[in-house]
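Visitor: Protein chains in written order, with the numbering used here: chain A, 406 to 728; chain B, 13 to 318.
To be clear, the hints were calculated from the coordinates, so they are not data collected in a lab. Possibly wrong hints are sitting among the right ones.
Claimed, not checked - For the chain A half of the interface with chain B, some residues (derived, Cβ under 7 Å), not all of them:
| hint | residue |
| --- | --- |
| 1 | M462 |
| 2 | L465 |
| 3 | M502 |
| 4 | E506 |
| 5 | N512 |
| 6 | T514 |
| 7 | R516 |
| 8 | L527 |
| 9 | D542 |
| 10 | R698 |
Said to hold, decoys possible - What follows is a list of derived Cβ distance ranges for each label pair:
| hint | chain 1 | residue 1 | chain 2 | residue 2 | range |
| --- | --- | --- | --- | --- | --- |
| 11 | A | K494 | B | K142 | 30 to 38 Å |
| 12 | B | S206 | A | A607 | 28 to 36 Å |
| 13 | A | D483 | B | K142 | 52 to 60 Å |
| 14 | B | L147 | A | E424 | 22 to 30 Å |
| 15 | A | R545 | B | S183 | 54 to 62 Å |
| 16 | A | A607 | B | V143 | 52 to 60 Å |
| 17 | B | S206 | A | P488 | 27 to 35 Å |
| 18 | B | V158 | A | Y559 | 44 to 52 Å |
| 19 | A | A607 | B | G233 | 56 to 64 Å |
| 20 | B | F167 | A | E424 | 29 to 37 Å |
Computed from a predicted model, the values in this text were never measured in an experiment. Every residue gets a Cβ at the ideal spot worked out from N, C-alpha and C, and that includes glycine.
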Amino acid sequence: MSAEALLSVEGLTVGFNTEEGPVRVVEDVSFSVVAGETLGLVGESGCGKSVTAQTIMRLLPSPPARIDGGRIRFEGEDLVVLPEPRMRKVRGDRIGMVFQEPMTSLNPTQRIGRQIAEVLALHRGMNYTQAKESVIDALRKVGIGNAERRLDQYPHELSGGLRQRVMIAMAIVCRPKLLIADEPTTALDVTIQAQIMELLKALQRELGLAILLITHDLGMVAEMCRSLAVMYAGRIVETGPAATVFARPRHPYTAGLLSSSPRQARRGERLPSIPGLVPPPGKRSTGCSFADRCGRVTDRCRRELPPLASFGAGAAACWNPVP
Amino acid sequence: MLAYLARRLAASLLILLGISVVTFGLTFMIPADPVAMIAGRNSTAEVRAQIRHQLGLDRPLPAQYASYLGRLVQGDLGRSYARKSDVGPLIVSRLPPTLLLMLGAIVAELLIGLPAGIYAASRRGRTGDKVAMTLSFVSVSTPQFVLGLTLIYLFAYLLNWFPLGGYGSLSHLILPALTLGLAGGGWYSRMMRSSMIEVLRNDYIRTARAKGMPEWRVILGHGLRNAIVPIVAMVGLDVGIFMSGVVVVENVYGWPGIGQLMWQAIQSLDIPIIMGVTTVAACFIVLGNLVADLAAPLIDPRIRLR
Ligand SMILES: Nc1ncnc2c1ncn2[C@@H]1O[C@H](COP(=O)(O)OP(=O)(O)OP(=O)(O)O)[C@@H](O)[C@H]1O
Ligand code: SF4
Ligand SMILES: [Mg+2]
């Protein structure tokens, strides 16, 4: 898998300087995204998915955010140490990003045509007139009808679904190799969610786009993703081909998620709840963070951190994996 | 939009009416008898009574107010006691210098305040931010006459860059405008800083960064327009804030505007001029507020006038 990886995150560790001192939010996270394929990154709210995604784009303001270790390899470069001017050439051009909050992610005072054209101005040096055609083309690609008229609209004139399509248009207008979609449909209602997912699949086919799809929704993973990484309390606890993990989860957390939803997880289902609470960053023990909620817990789990160990095509971080 | 305008205009008229009551009341609060001033100290009681009658001061208050308002509506601000001329034309002739001074002060405070605030926001919590905010504090807390005299001493007397005072050319304008506008510049730098910091927290700022935009373009291209809305609203209000500063600054610099006129009128207790200037100033303040409200939606299309 790693041979043809477009993006490979290795041992990424991210912390924040807070008033109560530094906290680790993402710890030793590794995964890779193969060119043209989709990797699903799932996990409960607050486990560090967005922090991971925004760290790849180096969008977190520093301070307070800090990359404490690891590498982010993308097309032969390490984004962790890439100087800012060169990082700017990656953002928006080689990696596009769509955010969790479609309602607020567009500038309310600018017409959407200009906001999309801006990406082309930055990376292709086009003025608005030159960019217009590509912008209309991008709007058509994301399924926005009547594109010429939409150009001159303001975000508040568009629905949430349309705004997210505009965000996607903005992310793909320079034809990036990788799209990071951070819960692109969480804020939208179910029918719109399905449409956006279809759209992402179509764009992937058309543009050969690799997608890092962050989601709560196991059904979405089953439908969209070739491979899967499960995050818990800032760490990857299980990873592997989606089919393998769904068929035979090895980490008790993954197993818990899947057992409460049918094996053929349907779209629209949120992560089922497992009793107990995720330990907040800074309050994590030296052992396995899942210990307090785990049915298979042993003494060792609380003492020692389980490393990610291979099981066939996948890997899980557990001392007593599900057989 | 038209309905909004109509309602705002009606409200403004009501406010002006209220102000006319207050200015009218002013006449009776000032501890000086205008009759004595016109007639002179040694006048007889009959002469005083006659003057009182001529001025209409022997009539009941509501009647006096009604005729005052009636004249006001026709643009008649009365006659100066001391200058023996009509107040209206007097004020009109003194207005252009004052408006010029205010315009200069607005330009000065924006040229100082906005860049300083943007800079401080972009260096938030670092040395540059702290230096800018300290300077802003100093500029806000310096009294205008101290600032005026200091500037005159440094730049007019010692360095000879500008004339010592007077009116006539751009170089006459610069020091008075700075004096009037510097405190506002300090305020604006603080407002701009906090407004910009607030705006930079928005999700669309993150979107702009995700496009690969350099930070200064993010700030100027996506932050500024949104951050500046509350500031623009303030510019209209400045006209009101300047009204008192104008009296000080015009006197320090010998600037022949309504501030100087007001000062002289206060010294000679020339009540019609005091009332006239107050009324005109009130009109400007109300107008400034109106302009501030109407300008907001031009900058931010989400703000709808209702
Ligand atoms: N600026 C910050 N300072 C301190 N802690 C932060 C900061 N930003 C995020 N965190 C913490 O990092 C953790 C992970 O947040 P993140 O937004 O990545 O979660 P997430 O997995 O994306 O959740 P969700 O599914 O709700 O989007 C949270 O516990 C959050 O409190
Ligand atoms: S390491 Fe122990 S506590 Fe953690 S998931 Fe595995 S069995 Fe449960
Ligand atoms: Mg998130």
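Visitor: Could you run down the list of hints and mark each one as holding or not?
Guide: Structure-based check of all given hints:
Of the supplied interface hints, the one on M462 of chain A holds, with its beta-carbon coming within about 6 Å of a beta-carbon of chain B, less than 7 Å. Residue-level restraint check for L465 of chain A is violated (minimum Cβ-Cβ distance to chain B is 9 Å; threshold 7 Å). At a threshold of 7 Å, the smallest CB-CB gap from M502 of chain A to chain B is about 5 Å, leaving the interface hint in force. Against a cut-off of 7 Å between C-beta atoms, the interface hint on E506 of chain A holds, since the closest Cβ of chain B lies about 5 Å away.
Evaluation of the N512 of chain A hint against chain B yields a held restraint, the C-beta minimum of about 4 Å falling below 7 Å. Among the interface hints, the one on T514 of chain A holds; its C-beta lies about 5 Å from the nearest C-beta in chain B, closer than the 7 Å criterion. Against a cut-off of 7 Å between C-beta atoms, the interface hint on R516 of chain A is violated, since the closest Cβ of chain B lies about 9 Å away. For L527 of chain A, the suggested interface contact is upheld, since its CB lies about 5 Å from the closest CB of chain B, less than 7 Å.
Hint on D542 of chain A is violated. Least Cβ distance to chain B is approximately 18 Å, over the 7 Å limit. Against a cut-off of 7 Å between C-beta atoms, the interface hint on R698 of chain A is violated, since the closest Cβ of chain B lies about 32 Å away. Checked against the given bound of 30 to 38 Å, the beta carbons of K494 of chain A and K142 of chain B, roughly 33 Å apart, stay inside it. Hint check: S206 of chain B to A607 of chain A, Cβ distance near 44 Å, so the stated range 28 to 36 Å is violated.
The hinted range of 52 to 60 Å is not satisfied by D483 of chain A and K142 of chain B, whose Cβ atoms lie roughly 35 Å apart. Range check, L147 of chain B to E424 of chain A: about 28 Å between beta-carbon atoms, so the 22 to 30 Å window is met. Between R545 of chain A and S183 of chain B the C-beta distance comes to about 59 Å, which sits within the given range of 54 to 62 Å. Between A607 of chain A and V143 of chain B the beta carbons are some 54 Å apart, a value that agrees with the proposed interval 52 to 60 Å.
Between S206 of chain B and P488 of chain A the beta carbon distance is about 31 Å. The supplied range of 27 to 35 Å therefore holds. Distance hint check: the CB atoms of V158 of chain B and Y559 of chain A are about 48 Å apart, consistent with the given range 44 to 52 Å. At about 32 Å, the beta-carbon gap between A607 of chain A and G233 of chain B misses the expected band of 56 to 64 Å. In this structure the supplied range 29 to 37 Å is violated for F167 of chain B paired with E424 of chain A, their Cβ-Cβ distance being about 46 Å.
Checked against the numbered hints above, the structure breaks hints 2, 7, 9, 10, 12, 13, 19 and 20 and satisfies the rest.
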